[in-house]
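One line per chain: the protein sequences are G and X, in this order. Residue 1 is where the first sequence starts when you use this note's numbering, and the numbers rise one by one after that. Residue 1001 is where the second sequence starts when you use this note's numbering, and the numbers rise one by one after that.
These are computed hints drawn from the structure, not numbers from a lab. Please note: incorrect hints may appear among the correct ones.
Stated by the list, open to error - Covered, in the sense of this in silico footprint (three residues per stretch, anywhere, with C-beta under 8 Å from a C-beta of chain X), are these stretches of chain G:
#1 100-111
#2 169-177
#3 229-236
#4 265-273
#5 278-285
Claimed, not checked - Ranges of calculated distance between the beta carbons of each label pair, as one might list FRET restraints:
#6 G:T191 <-> X:F1011: 32 to 38 Å
#7 X:V1131 <-> G:Y118: 39 to 45 Å
#8 G:Y118 <-> X:V1089: 31 to 37 Å
#9 X:V1101 <-> G:V131: 47 to 53 Å
Since we're looking at a predicted model, the values are computed, not measured. Glycine is no exception: its CB is placed at the ideal position from the N, C-alpha and C atoms.
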Amino acid sequence: MRAFQILIDGFAISALYALGATGFTLIFGVSGVLNLSHGAIMVAAAVAAWAAASILHVDTYFGALIGVAVAVVTAFATYFAVVKPIQDSRRIPNEEKEIFVLTGTLLWGIMIQELIAYFFTNNAKTVLPIVEGVVDILGVRTPRNEIFTAVVCCLVIALLWLLVNRTRTGKAVLAASMNPRGVTLLGLELTNIYIVVWAIYGVLAGIAGVLLGMFLGVSSYSVGPLTASAFSIVVLGGLGSVSGSLIAAFVVGYLETITAYLVSPAYRTIPALLLLVVVMYIRPQGLLGRR
Amino acid sequence: MSGFFTSRLFFVSLALVVVAATLPLYVSGYVLGLLTVAFYFGVFAMAWDLLFGFAGEVNFGPTFLIGVGAYTAGILNNQFGWSVYLCIVLGALASVIAGLVLALPALRVRGPYFGLTTLVAVLMLQNFIVVFADLTGGEIGLTIPDVITIEAGANYWIALGFMTISAAILYGLSQSPIGLVLQASGQDPVQAGALGFNIVKHKLAAFIVSAFFSGLSGALLVFYFGTASVGTVVDVAVGVNVIVSAVLGGRRTVLGAALGAIFLIVAGEFLRPTGELATFIVSAVALLVVLFFPGGFLGAALSREARS
C-alpha cells in the first residue's frame, strides 16, 4: 500500500523534476549557459497562469497557455537582455564570461522574483488544476491532476526527443552542441539556433512551472530552491546530458519521496544532497557526463 | 609593491580610512552600526575576490566558510562559555579546516563543477544547522551570551581596523609573487604548470587564506550581532551578495570588493523607503554594472587613470 503510494507520488514528482531540468540542461549543452534565472522563469509562468485564472477568470486551459507564453517571453528577455550582451561583450575576457553569465542571470532572476513579490505578494499560489477529482489506483487514492502532470511531462519529453532527433532544426541544435564552429562553417547562423533553443527552453520551463503551480503551488520564495534543484539534478546527471538529467531527476524524485514518507518530510532534501556530494567526489562529471 | 606606496590608489585608500576613522565623532550610532556590518561584509568580499579574481576559482559558497567560522565561534561560546577571543580564533581555525576539506577534492575539478561543489557545501551546512537544531538553534538562530562590546563606536573601530588590516594583507598578497603565480594559474593553468609552478599548492594556499579571513570575519560579525542565524551568515542569498559585491566593486582588485560591499549595504539601507522594491533596484543596478562596466567601480576608475 505504502510502497504503491511512494511509487505513484514519486513518479509524478520525478517527471516534473525531469521536465524542469531538461530545458536547463539543453541550454547548457548547446550554448554553455548555466541559466540561474531558471527558477524565476518557472515561477513567473505559474504566477501568470494563476493570475489569469484567478484574477481575470479565463478558462484554465487558456490560463495555462498564458503561463507558458509568459515563460517564453521571459526566456527571450533573459537571452537578449542578459546572456547575449555578455557573450558579445569585448570588455569581458572569454574565460570569465561564464561567471558573468552566472552573475547576470542570477541578478536577473532576483529581479523577476522581486517583481513577482511586489505585484502578487509572497503568498503561495496554487493554479487551478485543468483536471479535477480523485481516482483509485491499486488502492491508492490519487488526484487526477497528479496523473495529468505525469502524463504531460512524459509526453512533452517524448516530443522534445522527437524534435531533437527527427527534425532538421533539432539536428542543427544537436550539431551546435557538438561543434559550434562546424555548424557556422556549414552556413547555419548560430544565433538563430540559440534563439530556437531558448524558445524550446521557454516552453519547457513554462509547462514545468504551470504544472508545478497546479501540483504543489509556488510562491516567490520557490525561486531559489527551484533553481538549486534543477542545478543539482543536472549536475548529478552530467552537465549537458539530457538522458543523464532524466535518470537523475527520477533518482532525486524517488529519494525525496521515500525520505518524506519513511523518515520525515523535514529531511526530504538531505539524502539527495548527500548523493550529490558523493557523486561529485567520485565522478565529478556526473552519471552520464563527459569531461 | 614599492610602487604602491607612491600610487594614487594608496593615498586615496589612506585618506578614506582616516576619514572613516573619524566618523564616530560626528555621526549617529545607527550609521555606525550599518557601516560596521558593511566592513565585515567587505572582508567577505575581499576574501572571495582573492579566490576568484586571482586563483580563477568561482567559489559559489563563500557562506560555507563564513558560516562554519561564525557557527563554530557561536556554539563554543554558547555551550562552553569560553572567552570571546578564544572562540573567534577557533572559529577562524575551523573555517580553515572546512576550507581544506572542501578544497582538496574540489580543486580536482574545474569550472562549473568546482562552483557546484561549493554550492552544495552551503546547502549541506544549511540542512545540518536545521537538523541539529538543539546545538545550533536551527532556523530561529543561535543566541550568543557574550559580545565584544556594546559600544557602537568601539565596534565600529574594531570593524574598520579589522577590514583595513585584512585589506592590507590580502592586497599585499595579491600583488606579491605568490599573487602573480595565482593569477597565472587562474588564467592558463597548463602554461603556469609548465613554467614549473605547483598550481595546486598555490590554489590551496589561496583557499586557506580566503577561508581564514572569511571565518574570522564571520566570527567577529556573530559577536557583533549577538546571534548567529542561517539568514545572516549561511543562506545562499548572503553568498550571492558577497559575489555581487566583488563583481560590482571590480574583480581582481581586492580593494574594490570592499567598496562594492559597502555600496551594496549602504544602498540597500537608503532604498529602504522604497519598501519591497529595494532588492529589485539594487539587483538592477548591479546587473547594469555587470553588463556595461564589467570591470566594476574600481576597475573603471583604474583603467581611466591608466589611460590618461
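### Message
Verify this for me: three or more residues of the stretch 278-285 of chain G with a beta carbon less than 8 Å from a beta carbon of chain X.
### Response
With 4 residues in contact (Cβ-Cβ under 8 Å with chain X), the coverage given for the stretch 278-285 of chain G holds.
### Whether chain X covers the stretch 229-236 of chain G (at least 3 residues having a Cβ closer than 8 Å to its Cβ atoms)
That given contact holds, which follows from 3 residues of the stretch 229-236 of chain G lying within Cβ reach (below 8 Å) of chain X.
### Message
If I claimed the Cβ atoms of V1101 (chain X) and V131 (chain G) lie 47 to 53 Å apart, would that claim hold in this structure?
### Response
Since V1101 (chain X) and V131 (chain G) have Cβ atoms about 49 Å apart, the given range 47 to 53 Å holds.
### Query
Taking 8 Å as the C-beta cutoff, is the stated coverage of the stretch 265-273 of chain G by chain X satisfied by three or more residues?
holds (count 5)
### Range hint compliance [Cβ, T191 (chain G) to F1011 (chain X), 32 to 38 Å]
47 Å, violated
### Query
Taking the beta carbons of V1131 (chain X) and Y118 (chain G), is their distance inside 39 to 45 Å?
34 Å, violated
### Cβ distance range 31 to 37 Å for Y118 (chain G) and V1089 (chain X), holds or violated
44 Å, violated
### Message
Just to make sure I understand the rule, a stretch counts as covered if three or more of its residues have a C-beta closer than 8 Å to a C-beta of the chain. Does the stretch 169-177 of chain G meet that for chain X?
### Response
As far as the stretch 169-177 of chain G goes, the hint is violated, because 0 residues have Cβ atoms under 8 Å from chain X.
### Query
Do at least three Cβ atoms from the stretch 100-111 of chain G come closer than 8 Å to Cβ atoms of chain X?
With 9 residues in contact (Cβ-Cβ under 8 Å with chain X), the coverage given for the stretch 100-111 of chain G holds.
Going down the numbered hints, you'll see the structure goes against 2, 6, 7, 8, while the others check out.
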